[in-house]
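These protein sequences, in sequence, are chains A and B. 40 is the number that our numbering gives to position 40 of the first sequence; each next residue is one higher, with no gaps. 1007 is the number that our numbering gives to position 7 of the second sequence; each next residue is one higher, with no gaps.
It is possible that some hints are incorrect.
Unchecked claim - Computed far set for chain B versus chain A, every beta-carbon distance over 10 Å:
hint	residue
1	1001
2	1012
3	1014
4	1017
5	1036
6	1043
7	1045
8	1049
9	1053
10	1058
11	1065
12	1076
13	1091
14	1101
15	1103
16	1106
Said to hold, decoys possible - The calculated lysine-lysine pairs, modelled on DSS-like cross-linking and capped at a C-alpha distance of 25 Å, are:
hint	chain 1	residue 1	chain 2	residue 2
17	B	1042	B	1079
18	A	78	A	68
19	A	24	B	1079
20	B	1068	B	1113
21	B	1042	A	78
22	B	1057	B	1068
23	B	1042	A	68
24	A	78	A	24
25	B	1057	B	1069
Rather than coming from a laboratory, the hints here were simulated on the basis of the structure. Here a beta-carbon is modelled for each residue, glycine too, at the ideal position from N, C-alpha and C.
Chain by chain, the residues:
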Amino acid sequence: DAGVIQSPRHEVTEMGQEVTLRCKPISGHNSLFWYRQTMMRGLELLIYFNNNVPIDDSGMPEDRFSAKMPNASFSTLKIQPSEPRDSAVYFCASQEGTGKRTQYFGPGTRLTVL
Amino acid sequence: EDQVTQSPEALRLQEGESSSLNCSYTVSGLRGLFWYRQDPGKGPEFLFTLYSAGEEKEKERLKATLTKKESFLHITAPKPEDSATYLCAVHPQGWEAAGNKLTFGGGTRVLVKP
């Protein structure tokens, strides 16, 4: 299996622009998680989906952030408009449900907002 | 509120010098405690899951243990390739219905010098 796939790996954009991050979970995994990692705050859960349905989005920092999972093999995290404080590494992770509780992480997208 | 504290923040070891990393946690009820390894520029890589006090797991030079308030990751005779950031995370009770909602600690950066 290719593991969790994220794109792009690096994104540099200017303040005010829209940013879309993409994730393909491991085939057969039915839970998907979006995290943000910064030096100051560490690894924070933003939102997670189970069977394509958002379960908990309490970690989403502001209305500028939105996430979708239109099908079992694809999810997006969108920031509109982006701000410099959104600069971070964004990770996607997936998990196989029903007793198997290990989350497997993708390689991350490093976002820089100028 | 669930809290996870890791210590020390950074650890410098000579090759072969064994040591331990600490993960202290405060949760309403523990469903599982996870250890991950993270290399620079990569996503966290799963190492262990511990479910109950007294449980131990080993993998090569790493051994994880769990008590009711903390977990230790013991590194025996480390090698330079063990250099990484080690993260622990807790899965509190109440979230088993739909995936894991993990709370991560800040990590311990380990550098093993030859």
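Structure-based check of each hint:
Remark: the non-interface label on residue 1001 (chain B) is consistent with the geometry, its nearest Cβ contact in chain A lying 12 Å away (cut-off 10 Å). The claim that residue 1012 (chain B) is not at the interface with chain A holds, since no C-beta of that chain comes within 10 Å of its own (minimum 19 Å). Every CB of chain A lies more than 10 Å from the CB of residue 1014 (chain B), the least distance being 27 Å, so the non-interface label holds. The claim that residue 1017 (chain B) is not at the interface with chain A holds, since no C-beta of that chain comes within 10 Å of its own (minimum 27 Å).
Residue placement check: residue 1036 (chain B) does not keep its beta carbon more than 10 Å from all beta carbons of chain A (closest about 8 Å). A beta-carbon of chain A is positioned within 10 Å of the beta-carbon of residue 1043 (chain B); the least distance is around 3 Å. Not every beta carbon of chain A lies more than 10 Å from that of residue 1045 (chain B), the smallest distance being close to 7 Å; the non-interface claim is violated. Here residue 1049 (chain B) does not stay apart from chain A, with its beta-carbon only about 6 Å from theirs, under the 10 Å limit.
Residue 1053 (chain B), annotated as away from the interface, keeps every beta carbon of chain A farther than 10 Å; the closest lies near 18 Å. Distance check for residue 1058 (chain B) against chain A: the nearest CB is about 17 Å away, which clears 10 Å, and the non-interface claim stands. At roughly 19 Å from the closest C-beta of chain A, the C-beta of residue 1065 (chain B) stays outside 10 Å, upholding its exclusion from the interface. For residue 1076 (chain B), the shortest C-beta to C-beta distance to chain A comes to about 24 Å, beyond the 10 Å cut-off, and the non-interface label holds.
For residue 1091 (chain B), the non-interface assignment is contradicted: its Cβ lies about 6 Å from the closest Cβ of chain A, within the 10 Å cut-off. Taking the minimum C-beta to C-beta distance to chain A, about 6 Å, the non-interface status of residue 1101 (chain B) is violated against the 10 Å cut. With a closest Cβ-Cβ approach of about 8 Å to chain A, residue 1103 (chain B) is found to fall inside the 10 Å limit, against its non-interface label. Its beta-carbon lying about 5 Å from the closest one in chain A, residue 1106 (chain B) breaks the requirement of being farther than 10 Å from that chain.
Among the hinted pairs, residue 1042 (chain B) with residue 1079 (chain B) is consistent with the structure: their alpha-carbon atoms are about 20 Å apart, no more than 25 Å. The hinted pair formed by residue 78 (chain A) and residue 68 (chain A) meets the criterion: a straight-line CA distance of about 9 Å does not exceed 25 Å. Between the alpha carbons of residue 24 (chain A) and residue 1079 (chain B) the distance comes to roughly 34 Å, so the proposed pair goes past 25 Å and is violated. A distance of roughly 33 Å separates the Cα atoms of residue 1068 (chain B) and residue 1113 (chain B); the hinted pair therefore is violated under the 25 Å criterion.
This hinted pair checks out: residue 1042 (chain B) and residue 78 (chain A) have alpha carbons roughly 21 Å apart, not beyond 25 Å. The hinted pair formed by residue 1057 (chain B) and residue 1068 (chain B) meets the criterion: a straight-line CA distance of about 16 Å does not exceed 25 Å. A distance of roughly 24 Å separates the Cα atoms of residue 1042 (chain B) and residue 68 (chain A); the hinted pair therefore holds under the 25 Å criterion. This hinted pair checks out: residue 78 (chain A) and residue 24 (chain A) have alpha carbons roughly 15 Å apart, not beyond 25 Å.
As the CA atoms of residue 1057 (chain B) and residue 1069 (chain B) are separated by approximately 17 Å, the hinted pair is consistent with the 25 Å bound.
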